[in-house]
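Now for the letters of each chain:
There are 2 protein chains.
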Amino acid sequence: MKFKLILLFLLLNICFVAFSQDKQSEKSQKQDITVTEKGLIKVSIMYPYAEGKTFNMEYYETKHMPMVAGFLGSNLVKYTIEKGLSSGIPNQPLPFMAIGTFYIKSLSEYQAAIAPNRDAIRADFVNYTNVSPVILVSEVIK
Amino acid sequence: MKFKLILLFLLLNICFVAFSQDKQSEKSQKQDITVTEKGLIKVSIMYPYAEGKTFNMEYYETKHMPMVAGFLGSNLVKYTIEKGLSSGIPNQPLPFMAIGTFYIKSLSEYQAAIAPNRDAIRADFVNYTNVSPVILVSEVIK
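Protein sequences, first through last, are from chains A and B. Heads up, the final residue of the first sequence is numbered 143 in my numbering, and it's a clean run with no missing numbers. Heads up, the final residue of the second sequence is numbered 143 in my numbering, and it's a clean run with no missing numbers.
Hints were generated in silico from the structure; no laboratory data involved. Among these hints, one or two may not hold up.
One copy or any two copies: either way a pair holds, since identical chains are not told apart in the list.
[Unchecked claim] Each computed EDC-like pair below joins lysine to aspartate or glutamate, with the alpha-carbon atoms no more than 16 Å apart:
# : residue 1 : residue 2
1 : K84       : E140
2 : K79       : E38
3 : K39       : E62
4 : K64       : D125
5 : K84       : E38
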């Protein structure tokens, strides 16, 4: 009888420990997600819209961006791609056809990684666009 | 004796069910995070830099953006704020001083929510900037 009770107690204990550890790992994961973006540096490569300008989103998404991302190593937290749809102001032209954004930890590391590959990156531009991008370096505030 | 065994079995069962549900909710949460951004609409309010133009980031972050976000209800998935630091191209001026971005599910719902509040939003501009924003509506591709 006593043995059964001890066994019951031990098994429940193991179970609760496992359960609470699981809760904790979930909590730390949530914190990671909330914290990682704030304070990061964004490098946004913005392709302005103008008449006669073209942009091949499929090539950009499947070839160009993965190539550049591959140069950045662990400094790169994530990258995003967006496709311009319209201006948010009526009767205004579309400001940008596309924007590619690298979220990085260190700007100097980014520059050091890009410098030896700049020619390869620029040579690839003609494969998806005929417009020169505007590049914004910014800091994530929120 | 039999009663104790049944009790032990039941308690362990409850414990494992709770544990597996927790695992599942963690899994679905992870999927949400990965999936939610792709396909969302971004409305980016971009404040161009020019000489003599000013931007009060503290007011923007603590007053203006929370006010506008409050108009959007459950259509708003999240909003972000970034502060322009420099151009990514040497010897080029900073393209934007700041960008505020709303990640929304529906553009028409966004427009319907903003329309009756447009005057209040515009009247608040003078409290943090003297520049007219460029607004880009885009779709998250990746």
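Structure versus earlier hints - violations, ascending order: none
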